Amino acid sequence: MKILVPLKRTADPDNANKIKIGAGGAKIETTGLEPKANPFDEYAVEASLRLIENGQTKARNAGDKLTVVSFGPKEAATNIRQALAMGGDDGLLFLSDDESLDGDLVARALAKVVEQQKPDLVVLGKQAVDGDSNQVGQILAELLQWPSATFAMSMELSADKKTVIVGREVDGGVIKLKLTLPAVISVDLRIVAPKSVANHVTPATFAYPEGARFTPLPMIIKAKAKPIVEAPLASLGVDASLKSKYLSFALPPARKGGVKVKDVAELVQKLRTEAKVL
Amino acid sequence: MSKILVVAEVSAGKLKKTTHSAISFARLAGMPFDVLVVGHGVGAAAEELRAYGAGSVKVADDARFANYVGEVFAPTVSEAAKGYSVVVVTASSFGKDLAPRVAARLGAGFASDIAGVEASGGALTYKRPMYAGNAIATMQVTTATQVVSARQSEFEAAAPSGGASSIEKVAAVDAPLAGRVEFVSFDEVKSARPELAEAKVVVSGGRSLKSAEGFKTVLEPLVDVLGAAMGASRAAVDAGYVPNDLQVGQTGKVVAPKLYIAVGISGAIQHIAGMKNSKVIVAINKDPEAPIFQLADYGLVADLYKAVPELTDAVKKIRAEG
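Those protein sequences? They're chains A and B, same order as listed. Here the numbering used here is used: the first residue of the first sequence is 884, the next is one more, and so on. Here the numbering used here is used: the first residue of the second sequence is -8, the next is one more, and so on.
Source of the hints: derived by calculation from the structure; they are not laboratory data. Keep in mind that the hints are not guaranteed to be accurate.
[Said to hold, decoys possible] Computed list of lysine to aspartate or glutamate pairs in DMTMM-like fashion (alpha-carbon distance at most 25 Å, straight line):
no.: 1; chain 1: B; residue 1: 118; chain 2: B; residue 2: 25
no.: 2; chain 1: A; residue 1: 1001; chain 2: A; residue 2: 973
no.: 3; chain 1: A; residue 1: 885; chain 2: B; residue 2: 173
no.: 4; chain 1: A; residue 1: 1128; chain 2: A; residue 2: 912
no.: 5; chain 1: A; residue 1: 1128; chain 2: B; residue 2: 145
no.: 6; chain 1: B; residue 1: 277; chain 2: A; residue 2: 897
no.: 7; chain 1: A; residue 1: 1153; chain 2: B; residue 2: 25
no.: 8; chain 1: A; residue 1: 1001; chain 2: A; residue 2: 972
no.: 9; chain 1: B; residue 1: 8; chain 2: B; residue 2: 53
no.: 10; chain 1: A; residue 1: 919; chain 2: A; residue 2: 1113
no.: 11; chain 1: B; residue 1: 249; chain 2: B; residue 2: 186
no.: 12; chain 1: A; residue 1: 1153; chain 2: B; residue 2: 211
no.: 13; chain 1: A; residue 1: 1059; chain 2: B; residue 2: 52
no.: 14; chain 1: A; residue 1: 1061; chain 2: B; residue 2: 179
no.: 15; chain 1: A; residue 1: 1153; chain 2: B; residue 2: 301
no.: 16; chain 1: A; residue 1: 1105; chain 2: A; residue 2: 973
no.: 17; chain 1: B; residue 1: 207; chain 2: B; residue 2: 186
no.: 18; chain 1: B; residue 1: 297; chain 2: B; residue 2: 211
no.: 19; chain 1: B; residue 1: 307; chain 2: B; residue 2: 173
no.: 20; chain 1: A; residue 1: 1059; chain 2: B; residue 2: 186
no.: 21; chain 1: B; residue 1: 201; chain 2: A; residue 2: 1093
no.: 22; chain 1: A; residue 1: 901; chain 2: B; residue 2: 280
no.: 23; chain 1: B; residue 1: 181; chain 2: B; residue 2: 215
no.: 24; chain 1: A; residue 1: 1078; chain 2: B; residue 2: 204
no.: 25; chain 1: B; residue 1: 118; chain 2: B; residue 2: 145
no.: 26; chain 1: A; residue 1: 1159; chain 2: B; residue 2: 215
Note that the structure is predicted; figures quoted are calculated from it, not measured.
Bound conformation, chain A alone (with noise of 0.2 Å):
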């Protein structure tokens, strides 16, 4: 089985509130945070990851291959390369600057590479973190026409790797979709939990820890030697046109601080006198 991860660098989400907006409002300034892979995609890498592995033992099924591919700077390199280390087998770097992007283009790019790489599964984050859209994964599915589903929290491979059943956490509960092969799958938070991923593979006992893999050392340095091929966008014949047009940005209005109150009962009178809330 082939995956196919897309990856996105963005500025280190955990410091989001550091972000900075440049003179008259023209765009979103991120320096001094760290560019890291949007921690979505990195779940995508985990999660793909499990599906071709045995979680126990660490040995990769036979034949079956993970490629990462990113669209965005030269830099973007060091992110697929984290991701190699994590476990997969070779990358793919489309080169744009990140102003000439948005979802929809990145998604009609995709739709060329999977042309090209002819995947099982496109295993991907919900969203960015810093556009935080939530579009790529089903734009791609319909450019495809391949069955998809969004919100992923558990995955559930066939013996015969024919079919998956995901669990979707949508508004009010979980619902399971059985999807036939190819198909695209965007990742909730909740695809890292210990047993989200089942392949017919792992033991049913398995429990992977929490979260994505940590990189060890001889990881990081056998991913050195890992293909990373680099080209750019337009050579995959894209119309680049976007469909949107961003005007200007502005920090959200600041909260006013408010006050400590010393116990309970001044809480509660302030609740009912002055914010009259209860």
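Given chain A's structure and the hints, the job is docking chain B onto it.
Relative to chain A, chain B alone:
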């Protein structure tokens, strides 16, 4: 002529409150609008929608729409959307799944999870939170047809405006992908409490509650005496104290109730993204340095195991006095 198509959300035949936020969007955009209901056994829902000032209520009622499957809904919605300049759906998990599919099928630009709309010179301009709400973009979609998903917490539920829109039947369109995606089950989390996104009061708990039992014995009495919805931080959800769908944050639900009470929540950026537009924020935490205090209107530095039962008793007393 510019016209908006509002896509309604129904669940088991019942109209969901999310729909009313999408209607609010249409009213704010200041264009005539129709409403589309796709589902099975949705006659009553369609009837209910006649009172909101839509030109018509379009209804695609078919057994194949009994459960939401994006691949099955998207062709019918896209076909019905032809001739409209804007298609809007509320950014619930239904809308987030459906809207980009419809945009892709129509070749339309998509504005996701918008928090505001302004009409000027015949064009719509949107406000979009990005970076977990730490930046607000002003943007436009440049294609002739545009698809929008609207954030429920930013568009107050529309009230009926009277009148009786006409009802128009819409044929279900065949979905070529239907044979490759099968609906297996929906495990519903049933709760007698209000839905998080719709509640006027939300009480959320963090990891300091230490267990499912902690939520039950300490937090729930306060939730229930306030008639509130219960929420949680990601840490509490990850620890398994409460079900996933109670998570408030960038991932999870975005809420903006009249009163938000954060109990034992430190205030990670991802959590703040989901609640900072609440009208009044109360934080109870024993760590005076917790970042949540920077945005709380009222902060109480205290042991939650003592303060929360005290607060519950005080509210009970107020309620008893009427």
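- Message: Are any of the numbered hints broken by this structure? If so, which, sorted upward?
- Response: 7, 19
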